[in-house]
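S.K.: One-letter residues, chain by chain:
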Amino acid sequence: MLPFSFEWAWDAGHLLFFGGMWYTIAILGAGLTYCVGKTILDTMAGKGPHH
Amino acid sequence: MKQDKHGKNHKFGMVVDLDKCTGCGSCMVACMSENNVPFKEDESRKKDSITWMRVYKITNGKSFPETEICYMPRPCMHCGGKGDHGHSPCVSVCPAVATDYDHSSGIVSQIYTRCFGCRYCMGACPYHARYFNWWDPKWPEGMENYLSPDVSPRMRGVVEKCSFCFHRYQEARDRAYVEERDDIEEQEYQTACTQACPAGAITFGDLNNPDHEVYQMVEPDAHNCGKPKNPKAFRLLERLQTNPKVYYISEREWVRKAGDNYLEGEWEKVKNNHGNDHE
Amino acid sequence: MKVDRRSFLGLGLGAAAGVAVSPVAWKLMDDSSIWTQNWPWTPVPRDGEVTFDNTVCSLCPGNCGLSVRKIDGRPVKIEGRDDYPVNTGGVCLHGVAGLQYLYDPSRIKSPLKRIGDTFEQISWDEALELVATKLAEIRDAGKADSIACVTNHGMGTVPGLFQRLLTALGSNNFLSMDTMDKAWEKTLEKMHGVHGTLGFDLENAEFILSFGTGFIEGWGSPVSNFKANSSRKERGAALIQVEPRLSNTAAAADTWLAANPNTEADLALAMANVIISNNLYNTGYYVSGFGPGFDELAAMLKENYSPEAVAKTTGIDAAVIVDIAKRFAKSNAPVAIAGKGKGSTPGSAREFAAVHLLNCLAGNINTKGGAWILSPQDYEQWPAVEMDEVASQAIEKPAMDPAGSVAGFFAKAGAEKTVQALLISDANPCYALNDAKAITKAVQDIPFVVSFSSFMDETTRQADVVLPSHTFLERTEDLPSAAGMARRVTGLATPVIAPVFNTKNPGDAILAIAKAMEGTVGESFPWESYEECLEAVTGDLWSDLSDQGYAAVQETAPATRPSVDFSFVAQNPAPVEAEGTEADFSLILVPLDNVRIATGSVASSPFAVKTVPDTVLAGKDSLVEMNPETARANKLSQGDLAVLETPKGKATVKVNLFEGIMPGVIGMPRGLGHAMEENRYVSGKGVNINELMGPVMDAASGLDAAWGIRAKISRA
Amino acid sequence: MDSALIPKGAKRCPFPVFALGIAVVGVVLLWGVYAMGLCWFKGLNQTNMDDYYGFALWIWADLAVIAIGGGAFFTGLLRYVFGIDELKNIINLAVVIGFICYSSALLILAIDVGQPLRSWFIFWHANVHSMLTEVAFCLSLYFSVLTIEFVPLILENRKLDKVPFFHNLGHNMHGVMAVFAATGAFLSCFHQGSLGGVAGVMYGRPFAFREGLLVWPWTFFLFTWSAAAYGPCFTLCVLKMFEKITKKKLVKDNVVHLLAKISGWMITTYIIAKIIDTVYWATVTAPSQGQTFMDFYSNNPFYGVWILVLEIVVCGIVPAVILTTQKFRENRKLLLVAIILGTFGVCLNRWVMVLQVMAAPVMTFDTWAMYIPSWQEVATTILPVAYGVILIALAYRYLPVFPQELELNADQQD
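The listed protein sequences correspond, in order, to chains A, B, C and D.
Oh and the first sequence: position 5 is 4 in numbering that gives the first Met the number 0, straight run, nothing missing.
Oh and the second sequence: position 171 is 170 in numbering that gives the first Met the number 0, straight run, nothing missing.
Oh and the third sequence: position 192 is 191 in numbering that gives the first Met the number 0, straight run, nothing missing.
Oh and the fourth sequence: position 223 is 222 in numbering that gives the first Met the number 0, straight run, nothing missing.
Where hints are given, some of them may not hold.
[Claimed, not checked] Computed footprint of chain B on chain D; a stretch qualifies when at least three of its residues, placed anywhere within it, have a C-beta under 8 Å from a C-beta of chain B: (1) 113–122; (2) 281–291.
[Unchecked claim] For lysine to aspartate or glutamate, the following EDC-like pairs were computed, each having C-alpha atoms within a straight-line distance of at most 20 Å: (3) B:56 - B:252; (4) C:108 - B:143; (5) C:619 - B:67; (6) D:87 - D:294; (7) B:45 - C:253; (8) B:81 - B:67; (9) D:10 - D:242; (10) B:39 - C:639; (11) B:137 - D:410; (12) B:45 - C:676.
FYI, nobody ran anything at the bench for these hints, they're computed from the structure.
Beta carbons are placed, not taken as given, at the ideal position from N, Cα and C, and that holds for glycine.
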């Protein structure tokens, strides 16, 4: 999974596969970070449910 | 010296003379004993009975008294896989690299402590050469005294299979190293089953080495993934392109035919031009 | 409130995030997987220095040389000994599994004394004293001749010591288990007038005509025969197998003659007829050695055994009979062999004589690749037994079974109940003899039974005193080759490990018992230990035995060949029929021997049981083999539970269909159905065929000649 | 009792009735948990699997729940990426089902492997050439996507929504949901495909082996396509079950018919591809390995040609025809028949691609391997069903799963 595990090889298979994986994780991570971050800002700005 | 493209790589393989095999079972027990294979109370359910080397009994299907039988010892075939590049059916599917193809020896390894027991390799192997430890291996009290330190006993939940007695290869290499020899001799590395076979039906050696008996017996075609040129030799399920390193020899045509699936009429076409069909 | 909840949630989330990024989870995950890789209940074998010890296997009469790999003195693997003349590196599965016998926790761990239905552990001193006292009592009561002894085989110094003890006590009733060797001995007596054994030079034979032998299924010296079979393929030597079932031997043969059951002798006689009537017999031997009865034989054969007539009896084409007979006679090194299956039971004198007749006619007696008439083993140099008056008088009384048959002995013992004491060493008659239940009853009726055994087998279970023996890996013993081997090799078993349990070499036990008995009995055993006795008695052989682990006693054929007396065969003895009537039992049950199942005194090892196919043993059920035609006629199909009934008993079995067995014949594996409760890997699996078969005593030889029994089968 | 948690204006059964229902299902759940414990602590000898049947009921269950859970990714793809807005009325249900299916799949996998404590080796020591590695990565990543998709729905709970942080979080997640949904669709395409690849790459098994494109056998594409096609059938099945149990209409017909129509056309295209695949396999691929079509469907007590007819004709062509024909799909009964057949069909396909693969002999002297699951296997397979029922019941009771519920049941409101 990481270049530290001994079966890692710098070949096309590993680069494509783990490239795709880390890219996906990055998107999800970024998306979540954005949501949580914006929520914190929104909440601090006093936004909330309107009744 | 003819060598394949891997340079000085070995390609260990086995040839079984089915006309000499008597089905006595010595190879099976020699294997169990060498490799610390466990046993349990009921071993008659053959589909959960760990026998790295299993001897199949096959018949020609004819009725009395035309019936013939043949015994077929089946270790792990140590397939080279399609194109003989090491993508064995099992190695290519193992998700955790717990089974791997060693290009320097041609041996398919199994790392018991790496295997997490998904059993995909077992499904992929058409020879049923792989066995799962459904049970905790247990030896009756005192019998663990005969366990050999050369092969670690497996734990429940992992897959195991014939290793071509890889530890014997390591031992032979270590000895050669200590004695400052470049390579090991043919007789220095022999599997337990080969050694035990009272009929001398099993021959083991380097398929890349023309001086070795296995090479001379089957004449593997280096340009055709090791397909035997000897018309009496065959490999199990040759057509699947698994490229096994276990070869069988028989004078009996029905036995050779039983080695693979053929459509109606196909066998008649291929049986005589064996080894010459460079597609 | 609102603030509180918010900060609470914040704290919670923060803590969760903190744990998630901290290494704790990862560490636990890693540790747990490492734990699975080192489960404390998965054994870790100790490593250490590797050494090899040689010894000789005595699990069967083959006596192969073994090389035992040891780690720090702990045996871990048995392999064939490469430089051993019998097996040259090969080894059978039972030998390889030897360590499972050695370390078997169900072994007898110390001497035992019977208390009612159970056993009590006692000391060796007490046990030996008990046996000595009891034997002395019987002797003092004037019943020395009512002491009997049964050993597994009769050769070498350990059986020699048992025999010596019996003689010193004053009894002739020393017996070894019945095997084909006894049948061959009777044959030699009848046809050559000599006392000796017959060996077959199968490695050099060019045409092997086998009448139902399990040539590659444990007959004779199994590993030696596997090798002979392989070399036969290389040499182009033919193997013809006569048998109603496609056994492994039949499968390996060049020609399989599926003759009707119990017509082997007829076939052999028809072939003899062809050979004689075509003048194909060996003229040199005719001149020098054909003794009385030849003309009568020729006339008798001509009258009764024409190929056409025998074709009807056997179901083999007359042309085939003629062809095989001619090829046999014309071969440079033909040999005909008999002894069904593993040869672990004797057969009829008629059959053995008819087969040996072919050897005689071909003139291959004492020739390369032929049948060798070997004088009895004679390397042992025993000092004369000291006989007191009691012994001298008692020894004059005839043996209970004059033919020397164990089956006959137990029949008489069961009927007359005169046997006062029985010593049993490494033999298991309560399992291995036909009508095992009757044998068990006979043993139970003997007031004092002493078993020298490593395992609590069926016979030992009936003993009053159990003197546990070393297994073959723990003992010293000379082991002369037997069982159809032409070359004579005597091996020396040497311990590869100190005794695992509190056991003794039976030789030492005998010495101790004898010494505990005063007078001439003790005086007849002047040795301090069995080893000393062995060294003294083996004499000239000892240096070879101790130096190389074996001594090759005879490697070439005996120089002379005894003459042939044809009169026994010429009388056309009647065949031994199977027990039961066709009206009540329409089928014939025959035992099937397979090398993977041990049939002799020792039960199979767990590894050996593991190799038994599911067409032979399924769970706890034996499968019987029958032709699909037989199954159809009896409304059975594959895997059905069925009741198999013979005149001797019934058993529930499963059905296995096999095209290779003659219709009307049912095959049942021999060697299953052991009752050795503490060994659950081996015991309680399948049916012991010996409980379904009874002995059929052959009037001509006095031996049990049962080859099968009439039977019927129906769905359970 | 729990009215404060129930979506405003929605009518739910009394709490004791609900609790009783949950308790009944809970017993089944506990039975499954017990069997799971047996498998974990005693090992897989508790199953009837053997060395011929290394993949059996569990792997089938895995493949099947993932296939029927495919409604989530496909509906998500249609809703967020292709912008088919009507589907917002059923997307919540699809997501909940997806979440249940995928969490079940992971749970079953955790029971199925011989060494669960080492299962992370599949990530750490990954063999990138193995289809199963691809499955593991995509499956776990997609499960996190489903969790992300599920969270906003949970946050819509009446009580939680009052917390500004949760309210804002739900709102913001909705805002970027298209990104997550697109990522999820990508991942789902891959792992659905990889699950198909699991069988298709086994070139030692002529029954399973398929040729393909680059590293992917045809089964890769067929599995993705069939999951997308049949997944919505299961979503609709669950909806119909809900409507039956609650005796309420929860989603408007136009939404149902739209999803049914899309599913119908997907099934049509899929089944054409499947037929082509089957014909090519039966006439070219398998014969090249010396096996005839009938070798795979004879000489055994169970697997006959009927199973192929059932899968392709009865559970393929029939629902395809019903769902693509307006008159048929708008007939309530025919629609029900079609979605049930569809759901059954994709499960059957997964059964064939797991169990028949294991059963069919390859060596000429081998025989068909038959298998009947042990009760432990059955219980652990029912376990996720019970868990799913409980979770979906909770979701329905406390979350606004069906946005059209109030509108459609205006007359029943409190």
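S.K.: Kindly indicate which numbered hints from before are broken by the structure, ordering the numbers from low to high.
M.R.: Violated hints (numbers, rising): 5, 6, 7, 8, 10, 11, 12; every other hint is consistent with the structure.
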